[in-house]
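Participant: The task is to assemble the complex, starting from two chains supplied on their own in separate frames and drawing on the hints.
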Amino acid sequence: MAQILSPLPGTFYRKPAPDKPAFKSEGETVEVGEAIGLIEVMKSFIEVHADVSGKIVKFIVDNEEPVMAGQPLVEVA
Amino acid sequence: MGFSRLLIANRGEIAVRIQRAARELGMTTIQAHSAADADSLAVKMADEAVNIGPPHAAKSYLNISAILDAAAATGAQAIHPGYGFLSENAAFADAVEAAGLVFVGPEGETIRAMGDKAAARAAARAAGVPVVPGSEGRIADLPTARAAAAEIGYPVMIKASAGGGGRGIRVVETGEGFESAFDQASVEAKAAFGDGGLYLEKFIARARHIEVQVLGDGRDAIHCFERECSLQRRRQKVWEEAPSLALSPRAREALCASAVALASAVNYRGAGTLEYLYDDATGHFYFIEMNTRIQVEHPVTEMVTGIDLVRETLRIAAGAPLAYRQSDVRLNGHAIEARINAEDPADKFRPSPGAVTDYRAPGGPGTRFDTLLYRGCQISPFYDSLIGKLIVWDETRDGALQRMRRALDELIVEGVVTTAQLHHDLAEDETVRKGDFHTRWLEDWLSSRENLAASRRRQA
Numbered sequence: 001m002a003q004i005l006s007p008l009p010g011t012f013y014r015k016p017a018p019d020k021p022a023f024k025s026e027g028e029t030v031e032v033g034e035a036i037g038l039i040e041v042m043k044s045f046i047e048v049h050a051d052v053s054g055k056i057v058k059f060i061v062d063n064e065e066p067v068m069a070g071q072p073l074v075e076v077a
Numbered sequence: 001m002g003f004s005r006l007l008i009a010n011r012g013e014i015a016v017r018i019q020r021a022a023r024e025l026g027m028t029t030i031q032a033h034s035a036a037d038a039d040s041l042a043v044k045m046a047d048e049a050v051n052i053g054p055p056h057a058a059k060s061y062l063n064i065s066a067i068l069d070a071a072a073a074t075g076a077q078a079i080h081p082g083y084g085f086l087s088e089n090a091a092f093a094d095a096v097e098a099a100g101l102v103f104v105g106p107e108g109e110t111i112r113a114m115g116d117k118a119a120a121r122a123a124a125r126a127a128g129v130p131v132v133p134g135s136e137g138r139i140a141d142l143p144t145a146r147a148a149a150a151e152i153g154y155p156v157m158i159k160a161s162a163g164g165g166g167r168g169i170r171v172v173e174t175g176e177g178f179e180s181a182f183d184q185a186s187v188e189a190k191a192a193f194g195d196g197g198l199y200l201e202k203f204i205a206r207a208r209h210i211e212v213q214v215l216g217d218g219r220d221a222i223h224c225f226e227r228e229c230s231l232q233r234r235r236q237k238v239w240e241e242a243p244s245l246a247l248s249p250r251a252r253e254a255l256c257a258s259a260v261a262l263a264s265a266v267n268y269r270g271a272g273t274l275e276y277l278y279d280d281a282t283g284h285f286y287f288i289e290m291n292t293r294i295q296v297e298h299p300v301t302e303m304v305t306g307i308d309l310v311r312e313t314l315r316i317a318a319g320a321p322l323a324y325r326q327s328d329v330r331l332n333g334h335a336i337e338a339r340i341n342a343e344d345p346a347d348k349f350r351p352s353p354g355a356v357t358d359y360r361a362p363g364g365p366g367t368r369f370d371t372l373l374y375r376g377c378q379i380s381p382f383y384d385s386l387i388g389k390l391i392v393w394d395e396t397r398d399g400a401l402q403r404m405r406r407a408l409d410e411l412i413v414e415g416v417v418t419t420a421q422l423h424h425d426l427a428e429d430e431t432v433r434k435g436d437f438h439t440r441w442l443e444d445w446l447s448s449r450e451n452l453a454a455s456r457r458r459q460a
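These protein sequence lines map, in sequence, to chains B and S.
So that you can map any letter, position 59 of the first sequence is 59 in this note's numbering, and since no number is skipped, the others follow by simple counting.
So that you can map any letter, position 430 of the second sequence is 430 in this note's numbering, and since no number is skipped, the others follow by simple counting.
Any given hint might turn out to be false.
[What the hints assert, rightly or not] The calculated DSSO-like cross-link candidates involving lysine-lysine, where the alpha carbons are at most 30 Å apart (straight line), are:
{"#": "1", "chain 1": "B", "residue 1": "K55", "chain 2": "S", "residue 2": "K237"}
{"#": "2", "chain 1": "S", "residue 1": "K190", "chain 2": "B", "residue 2": "K55"}
{"#": "3", "chain 1": "S", "residue 1": "K44", "chain 2": "B", "residue 2": "K43"}
{"#": "4", "chain 1": "B", "residue 1": "K43", "chain 2": "B", "residue 2": "K24"}
{"#": "5", "chain 1": "S", "residue 1": "K44", "chain 2": "B", "residue 2": "K20"}
{"#": "6", "chain 1": "S", "residue 1": "K202", "chain 2": "S", "residue 2": "K59"}
[Stated by the list, open to error] Far from chain S, by Cβ distances over 12 Å, these chain B residues were calculated:
{"#": "7", "residue": "L5"}
{"#": "8", "residue": "P18"}
{"#": "9", "residue": "A22"}
{"#": "10", "residue": "F23"}
{"#": "11", "residue": "V30"}
{"#": "12", "residue": "E34"}
{"#": "13", "residue": "G54"}
{"#": "14", "residue": "V67"}
{"#": "15", "residue": "M68"}
{"#": "16", "residue": "P72"}
{"#": "17", "residue": "E75"}
{"#": "18", "residue": "V76"}
None of these hints come from the bench; they were simulated from the model.
Even for Gly, the Cβ is constructed at its ideal location relative to N, Cα and C.
In isolation and in its complexed conformation, chain S is listed as follows (with noise of 0.2 Å):
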């Protein structure tokens, strides 16, 4: 099982992330990247690179046949695949081990049970984890689905079986109007999935994302305390923290005890997310869905509990047991990261390709910030905006934004227009400074500041 010569199937900062860990295992890294990014960071800093194809990730990253090749010729003896791309795709983990490779991450047959949102509900519920109140499975068609839709209660939420990234999902106040949205909605799912399946829950309005981080050896699982994503942008994390400012010390342990009850239930191998609805005001929980790989915000559960998650997950991928006992793990201050991306909050927050002409990273006391940022990059258009994400800690919140703010005034990215000081806005936000908010709070900040800037702009 153990192994040397690592490729990794994806790219960007991730791809950095991932390299660093295995250089301190004394693994090769070798890592695959499209014709688009023979150029990057992760390309100049691995030991060896593999070109998997044109710049379409359908073309490169997303490509089976070209990344078996390239591990082929390269000599791997493991696949990372990172997080996005291939990272849960069932078959790719599958086609890794039939060819005598290790995918790192947990079985196939685990990806493909929890991929499957009503699955993995099912499994939720099999394990004693509470689940948002909506149908079991799969709705066969309209008259069932009304009849659901009734029971549960309005206002009610039409989610794709297949899905992900917010699509196929359509929220419905009423019974007026439920069939065209469970129609628009089982459209949007083919189009997007190839699957037109859905299912029901109860809609929340003001709920806050809450996560648990776990991590299994395919024996034992254990958790790695909460992370709190209540600021989120189209259903796209912009800013997270650990721990979570709502939950108190016995929600916390009931919370995650609930994490680790599923996903020992499954024999979870490697580092695995459960996400929950958490409902401020009756202080129930509700799991959504378990992410089967490296979240891109797993930075501030490493700055909270001093483990290298990367690291740990590589090392059980080559068949070591867990090295951590759940005592072991302590929740240790505050941290929080801001997602920088390649975009103008000013302008719809177009996207923002192009050559970085200056560069400074932030560093000091409490600060890491994970990039594929050098100066002279270019900043390709053809994967996601997302260039760095900056984590600070420290020993208490108000300590955390203090940095935070400090560490944004550090740092530097010329050529491309960035998310950077929306992050330092956020900061010095009242409502933030307090945690007082929940998954829809950030959308109608924003659309406040674009009123008051229009209204200006009118005055002037």
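Bound conformation, chain B alone (with noise of 0.2 Å):
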């Protein structure tokens, strides 16, 4: 099992936009420098890329939550 974590504190977000679908859904494939999400930092929107590549199991943070630079955001099998 391994973890994707977020690269800066801020919010995390899993649609590119409010009114786009998800960039990815558990259940769906994820491959290396593949987007999974958005983290708001600043003002600033940056793109949560992959650095591991299988099933995504589980979004352990919702959408909108507030996280910390580390934090695990999903578990990928």
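Facilitator: Following this line, the structure appears as structure tokens:
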């Protein structure tokens, strides 16, 4: 089991825009380098890219939740 | 109308700035803050503090009912909104007044009228203030827009009626691509502001951003001269000056008189700013919008006029008439402000929140540092990246540039990356020294620096 960590503190978003579908859903596969969400930090939006590939087991952090740097966002198997 | 207990519904350096002015007027300062700002300098400095909710601005600094509850609970008699957040929210201004409190700023009605860009443009025209050639008010549909664009002449800018911060703006160079740009701008405006209304403006390629500070008491209005804010990145101001090098005394007089005409026409109350585009090639200026609040860059005006804008605005809110006649306002020397952000210019201005492990403020003659910093403070990821404003004054612009470099050398901020070195480089740049810039100059300068750095890396 691997985890994708937040690179920065801020607010986690699962969608690229409010009216767009989520980057990834639980059960989908993810490749290294693919975006899995956004972190809003100081009014900037920074994409979070997967550094592992596999199947997304679970989003540990909900949409629009505050996160710390290094906090696990996603579990990948 | 008088009040002695002031609630500050904002954060960061501007909250500190407002407290200083309020203290000098003998007021008690009550700092509203989010959970993330419990240890902020503004909270530490205030007479009293009140928690208004979680870190997210939507749940705290933008939460009207939480702020009104905090005001009631603390016995506040007036609320200062600062800049950003609720400062230009007419419904908030109305709600504050309806609760029997003083809103430090203009009436909700004025905010409403000036906040809609198309309405503000119409008000400017009615007051005889030149506006950028463009559509009169909102554009109903694509065929009307096409016809208007053809009449204005390309290149044109498509802008959101309810807009701000550069969102919902598209530049169209020729008739080709107009339709898709119009649709995109409408969608973006709808998403960002809940209002897809658009209008058109002529696009001026080499324009300076020059703005005029006004002060009004609801009866009389005066100006406090102009600021030049042409150095921008992504339509965010980076470096501001007063006065502008571009204006002749005659042009300055005409520009400032036009600002007073518009402020007077709307019986403006408080501190406000009229933003203009100035076309170097023709010497024409065009009104673009009015900001109905104190601005980030107000200190450069304070330095060249000696007027404490924040204190004067508080006095006016408390019912006093303007303390100055126009003839009392004199322009003296030159001031420059550098915005110090917690961002890394070497890494695409990536935000750099975190703990400040060491800090030393610049000081000495003609040097002012408005900041939220103290040693050990946390720079929060939840708010914008502005951590300080370094403002210098000297008799001449060359002197001010020299002083800016000296003051930047004194500034120490450890633990987070800042834009201080970028300002040092700007202060040494030949084009900046000549003042020969326009609103797109800084982005070109930044990308040429980036290219240079990249080619050096390749060679190494």
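Participant: Quick one: which hint numbers does this structure break? Sort them smallest to largest.
Facilitator: 1, 2, 5, 6, 8, 14 and 15
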